[in-house]
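Asker: Required output: the full structure, derived from the provided sequences and hints.
Heads up: the sequence lines are chains A and B, in that order. Sequence positions in the first sequence follow this note's numbering and run 1 to 249. Sequence positions in the second sequence follow this note's numbering and run 250 to 640.
Keep in mind the hints are simulated off the structure, nothing from the lab. Yeah, the Cβ is synthetic: ideal placement off N, Cα and C, and Gly gets one too. Any given hint might turn out to be false.
What the hints assert, rightly or not - Covered stretches of chain A, going by a simulated chain B footprint (3 or more residues, C-beta under 8 Å):
| id | stretch |
| --- | --- |
| 1 | 111-117 |
| 2 | 123-129 |
| 3 | 197-210 |
Each chain, letter by letter, is given below.
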Amino acid sequence: MKLFNKDITQTSTAALPADQQGPIRIKGLNHWFGSGEARKQALFDIDLTIERGSLVILMGASGSGKTTLLTLAGCLRDVQDGSVQLLGQELNGADENVLVACRRRLGFIFQAHNLHESLTAMQNVRMGLDVHGPQARKDWKAPASHLLNLVGLGDRLDYLPGNLSGGQKQRVAVARALVGNPDVVFADEPTAALDKESGHQVVSLLKRLGTERNTTTLMVTHDNKVLEMADRIITMEEGRIVKDELPHR
Amino acid sequence: MTALLTKLLGRLPIGWLQLKHNKSRLAAAIAGVAFANILIFMQLGFLGALVETTKLPYRPMVADILISASDANTLSDGSNVARQRLYQALAVPGVADASPFYLGKFDWQRDNGTTVNFQVFGIDPTKQIFKDPEVDKARAQLQLLDTALLDRSARNIEPELAASIDGGTPHRFEANGRTLSAVRTFSIGAGFEADGYLIVSDQTFLQMYPQRTAGAPTHILVTVEPGVSPQTIVQNLRSAIPEKDIIIRTVEEAAAADEAYQTTERPVGVIFGFGVIIGVLVGLIIVYQVLSTDVADHLREYATLKAVGYKQSFFLSIVFEEAIILAIFGFIPGVLFALGLYDVLTSATGLPVEMTGIRAVAVLFGTSAMCLISGAIATRRLAGANPADLF
Numbered sequence: 001m002k003l004f005n006k007d008i009t010q011t012s013t014a015a016l017p018a019d020q021q022g023p024i025r026i027k028g029l030n031h032w033f034g035s036g037e038a039r040k041q042a043l044f045d046i047d048l049t050i051e052r053g054s055l056v057i058l059m060g061a062s063g064s065g066k067t068t069l070l071t072l073a074g075c076l077r078d079v080q081d082g083s084v085q086l087l088g089q090e091l092n093g094a095d096e097n098v099l100v101a102c103r104r105r106l107g108f109i110f111q112a113h114n115l116h117e118s119l120t121a122m123q124n125v126r127m128g129l130d131v132h133g134p135q136a137r138k139d140w141k142a143p144a145s146h147l148l149n150l151v152g153l154g155d156r157l158d159y160l161p162g163n164l165s166g167g168q169k170q171r172v173a174v175a176r177a178l179v180g181n182p183d184v185v186f187a188d189e190p191t192a193a194l195d196k197e198s199g200h201q202v203v204s205l206l207k208r209l210g211t212e213r214n215t216t217t218l219m220v221t222h223d224n225k226v227l228e229m230a231d232r233i234i235t236m237e238e239g240r241i242v243k244d245e246l247p248h249r
Numbered sequence: 250m251t252a253l254l255t256k257l258l259g260r261l262p263i264g265w266l267q268l269k270h271n272k273s274r275l276a277a278a279i280a281g282v283a284f285a286n287i288l289i290f291m292q293l294g295f296l297g298a299l300v301e302t303t304k305l306p307y308r309p310m311v312a313d314i315l316i317s318a319s320d321a322n323t324l325s326d327g328s329n330v331a332r333q334r335l336y337q338a339l340a341v342p343g344v345a346d347a348s349p350f351y352l353g354k355f356d357w358q359r360d361n362g363t364t365v366n367f368q369v370f371g372i373d374p375t376k377q378i379f380k381d382p383e384v385d386k387a388r389a390q391l392q393l394l395d396t397a398l399l400d401r402s403a404r405n406i407e408p409e410l411a412a413s414i415d416g417g418t419p420h421r422f423e424a425n426g427r428t429l430s431a432v433r434t435f436s437i438g439a440g441f442e443a444d445g446y447l448i449v450s451d452q453t454f455l456q457m458y459p460q461r462t463a464g465a466p467t468h469i470l471v472t473v474e475p476g477v478s479p480q481t482i483v484q485n486l487r488s489a490i491p492e493k494d495i496i497i498r499t500v501e502e503a504a505a506a507d508e509a510y511q512t513t514e515r516p517v518g519v520i521f522g523f524g525v526i527i528g529v530l531v532g533l534i535i536v537y538q539v540l541s542t543d544v545a546d547h548l549r550e551y552a553t554l555k556a557v558g559y560k561q562s563f564f565l566s567i568v569f570e571e572a573i574i575l576a577i578f579g580f581i582p583g584v585l586f587a588l589g590l591y592d593v594l595t596s597a598t599g600l601p602v603e604m605t606g607i608r609a610v611a612v613l614f615g616t617s618a619m620c621l622i623s624g625a626i627a628t629r630r631l632a633g634a635n636p637a638d639l640f
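Answerer: Shown next, in the form of structure tokens:
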């Protein structure tokens with residue numbers, strides 16, 4: 001599969017200004033779930049700064065708080081206590097409009113592909129562009145087909161998800177997340193549905209985006225095969241960061 | 250269709266693509282909306298026929314003003330009016346003429362086993378009471394006792410019988426113990442209260458209904474002098490005859506009051522009106538069920554799009570897009586089917602169940618509103634599309 005011998009910068013739409021000091025800066029972050037006696041703390045006093053263009057892997061056992069951290073940093077959950085600055089914007093207390101504006105600068109890759117079954121691969125990828133306004137809606141074909149080519153689906157542009165394999169669907173979802181030229185990509189087990197080679201290629205693509213476009217990636221994974229590509233590996237246990245290290249190369 | 254909608258909406262027509270993708274659900278939804286449309290059309294058809302047939306007997310009247318008993322809610326309801334009012338009316342300046350108008354009912358048991366329920370009009374044959382030239386020409390014949398004019402548009406009146414009467418062969422039949430001769434026909438048509446109408450002279454009427462007296466007609470028909478406003482004469486008559494036992498209205502006002510009473514007070518009108526509401530409710534439930542299931546089925550996809558910055562209004566527009574598509578696609582078979590049913594009903598009952606442009610457009614807009622309301626309710630589920638749950 002020819003994934004990495006193409007110019008990914010062609011996918012760029014309007015470049016969005018990114019924070020100079022680090023797109024994700026977290027200080028004293030605490031988070032709880034439930035209320036009353038059932039209230040349970042999920043995150044304890046998290047401090048974390050992630051540099052621009054880096055590929056950071058979050059690891060930890062189930063329930064360790066990594067997904068909570070990911071959703072808080074990705075403006076998908078309200079910050080209860082502490083500070084989360086995303087692309088220079090404080091999320092604690094931010095209103096819905098601010099959160100929506102922030103989200104438009106992000107790319108999300110979920111464990112499940114969540115593609116619209118009624119839309120073709122091209123149309124699904126287009127959905128990642130249309131949110132950026134009329135110009136993006138007008139000029140969607142070239143970047144959408146380019147991204148699908150990048151993830152190896154150049155010959156499946158007009159396929160409906162029902163006619164694609166699980167791995168192919170996940171690659172369409174990756175293309176959808178990246179087509180809007182995001183400043184930060186949040187990925188939750190993006191390689192879980194992929195075979196070894198495809199998984200490696202997707203993470204390589206994210207890594208290359210970091211190098212060439214300064215795209216920052218925060219990725220939750222249990223896939224040991226991709227750890228060596230990370231710039232940082234953060235390990236969480238019971239709501240706390242217990243290890244923050246460089247990968248063994 | 251996809252290209253057209255893309256142009257119209259300025260975005261990918263996700264609602265249409267989702268509906269199209271699940272063809273069996275789309276077919277069921279269209280059938281459901283069409284069914285609701287048919288229900289609404291049928292009830293409106295009945296209601297329209299009720300309104301139309303209520304007005305039918307008023308239309309051919311030459312009179313401008315009707316003096317009726319105060320409890321006369323419709324043309325045939327209520328007490329009688331003292332003939333004295335007729336003379337009082339004649340004394341009012343601007344009144345050209347006043348005539349007694351008698352109303353009765355009679356069931357014609359025919360030799361072929363059918364029954365025709367007639368509304369009988371007893372009129373003064375020396376005066377022009379109806380605009381219909383056929384009735385006017387037959388006034389001289391009506392002066393003969395026991396002659397009648399027969400409504401050829403009445404239910405169960407064969408065209409051959411009407412042709413034979415108009416051809417000069419009077420048709421004799423028994424009516425309330427007398428033998429009447431139908432010497433000519435006219436046309437008003439069947440309604441909800443009667444199968445048709447029979448016109449006789451006041452003298453024949455009083456023979457047919459011996460309990461009725463010449464001194465108490467059902468209504469008094471008043472015509473005003475040329476160039477005089479009937480409304481002014483109504484006011485003058487009310488001043489001249491202030492007694493509370495009568496109501497004085499123009500014929501148009503009386504017809505409108507009759508229509509209002511038939512549609513809002515009589516059970517039949519209320520039932521038809523209620524039927525329209527039931528049709529709308531059925532449509533609401535069907536469309537809500539379809540849209541709400543569709544939203545539930547795509548919650549994860551919507552949550553994914555929410556995560557990348559699509560606003561709630563975008564998802565609402567998808568649901569509303571689906572609602573409008575269902576409204577239009579369901580309306581087309583609904584209106585076509587209703588047209589067929591209207592034809593069947595008109596032939597079977599003789600009632601004027603007709604499709605009007607205004608009704609069709611009103612139902613289309615009503616269906617669209619119904620689908621939009623269903624869509625609006627269904628979108629409550631969208632609030633549950635929390636992108637955080639996707640991780």
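Asker: Against this structure, judge whether each hint is valid.
Answerer: Going down the list of hints, with the structure as the test:
{"no.": "1", "hint": "111-117", "verdict": "holds (count 6)"}
{"no.": "2", "hint": "123-129", "verdict": "holds (count 4)"}
{"no.": "3", "hint": "197-210", "verdict": "violated (count 0)"}
Violated hints amount to a single one, hint 3; each of the other numbered hints is respected by the structure.
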